Structures are given as C-alpha cells and as structure tokens.
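Colleague: Sequence:
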Amino acid sequence: MFRELLKRGVLPYVQAAGVAPGFRVRTPSGRTIDVRIEPSICDGDGDERRFRVPCFKPRPELIFLCVEFSGDEISCVWVLPSTVFFAYSDPDEERGLRELNLDVKRERYFDEPFREYNSFFRNRWESITKFDSYSRYMKPLKSPGFAEGWEDFEDAMMALEVFETREPREESIAFDPLIFSDAATL
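Heads up: the sequence shown at position 177 corresponds to 176 in numbering that gives the first Met the number 0, and the numbers run straight through without jumps.
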C-alpha cells in the first residue's frame, strides 16, 4: 500500500496515536489525512468478505484502506473515505462495530453486492492522492450536505472509472471523393 502511494507521489509517514493500524499523509496544501488499514474478514466458507471497524464518526480527513485477501496475498484494496464507509456499513451496536459486507446483495445497491455496485472504489487511490480536490465531497456527519457529498464523490469516482475503461472510438473513414465518383459512373 505504501508502494502504491509512493508511486503516485504521496509520502506516508509514521503512525500516530489514534490512527492504529495505519498512518498519516500530508497533502500538498498541508492538510493531514489519517489512513486506517482494515483487513478483510472471511466468514466460515470463505465466500463473503467483510470489514469490521470499531464505531467511528465519519470525518473528511479519515480514509479506510480495506484490504481484501486471497489466501495470503492482497487481492485488492478498497480505498473508502470514512463518509462512504459509514454510509454503506451497518451498525453492530452490541459489539460497538460498523460492518461493510462486500458480497451481500442489498436493495440500496439496486440488488447488487457492494463489490459490483461500487467497484470504482477498488484500487482507486484518488481520495488520498487528490484529497485536496475531492475533500469538498467529504462532509462531516452532522453537516447539511453529508448525504449529497458522498453521493457526489461516488459519481466523480464512477465518472473516472467510465472514462478510463471506455472503448476507444473506431477510426472514422476518411472521405475519398474517388470512391464516390466511381460509384456514380457504374
């Protein structure tokens, strides 16, 4: 994960109190982001992947790196601002946790699992590397624009994914007057 951030010009620095397990990043404008690393939890048969974190208050400067494993190897990292994690996770008040299940189909995901509905958060580092640009979408929980903020952020990430994965346009056929003149004489 450090390598991914370093490749993108972001220098993580040593863990600070209250960020464990994780680290901090300073943005070009001088803002500090707390980045928490959360490993996936596999239930019994290994089919469902979920992330459980102690209850928290979402805030713009908190981002979760939800690390999904395949055996002992990292298969992908879900880079989720705390506002997004909060919006999609379910509270487990009895244990004092919030849980995000990647594989359960939900009505709020249009009967798709989170993994498919929000695939654009998979291995997408912009919420950290371009934090200064995207932080306007990451509103505090009690702010009037909280819901609209994370939904707009989601739209921005979706647009990036569509732009990067779209099929290149086919080359257009250049107009050749000789082709048309030959057809007219037939």
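Among these hints, one or two may not hold up.
Taking lysine-lysine and the BS3-like style, the derived pairs with C-alpha atoms no more than 27 Å apart in a straight line are [to be verified]: (1) Lys6 <-> Lys129; (2) Lys129 <-> Lys56; (3) Lys141 <-> Lys129; (4) Lys141 <-> Lys56; (5) Lys56 <-> Lys104.
Label pairs and their in silico Cβ distance ranges [to be verified]: (6) Gly29 <-> Glu111: 18 to 24 Å; (7) Cys54 <-> Lys104: 31 to 37 Å; (8) Tyr12 <-> Glu106: 40 to 46 Å.
Quick caveat, the hints were computed from the structure, so don't treat them as lab data.
Keep in mind that this is a model prediction, so the values were computed, not measured.
Glycine included, every Cβ here is placed at the ideal spot set by N, Cα and C.
Colleague: Is 18 to 24 Å respected by the C-beta to C-beta distance linking Gly29 and Glu111?
Modeller: violated, 39 Å
Colleague: Keeping to a limit of 27 Å between CA atoms, is the pair of Lys141 and Lys129 held or broken?
Modeller: Judged against 27 Å, a Cα distance of about 24 Å means the pair holds.
Colleague: Given the hint that Lys129 pairs with Lys56, does the C-alpha gap stay at or below 27 Å?
Modeller: holds, 22 Å
Colleague: For the pair supplied as a hint, Lys141 and Lys56, confirm whether the alpha-carbon distance does not exceed 27 Å.
Modeller: holds, 10 Å
Colleague: Taking 27 Å as the top limit, are the C-alpha atoms of Lys56 and Lys104 close enough?
Modeller: Holds, at about 25 Å.
Colleague: Against the 27 Å threshold, does the CA-CA distance of Lys6 and Lys129 hold or violate the hint?
Modeller: Distance of about 13 Å is within 27 Å: holds.
Colleague: Could you say whether the range 40 to 46 Å given as a hint is met by the Cβ separation of Tyr12 and Glu106?
Modeller: About 41 Å separates the Cβ atoms of Tyr12 and Glu106, which means 40 to 46 Å holds.
Colleague: Between Cys54 and Lys104, is the Cβ distance one that fits in 31 to 37 Å?
Modeller: With Cβ atoms ~25 Å apart, the hint is violated.
The structure fails hints 6, 7 (numbered hints given earlier, in ascending order).
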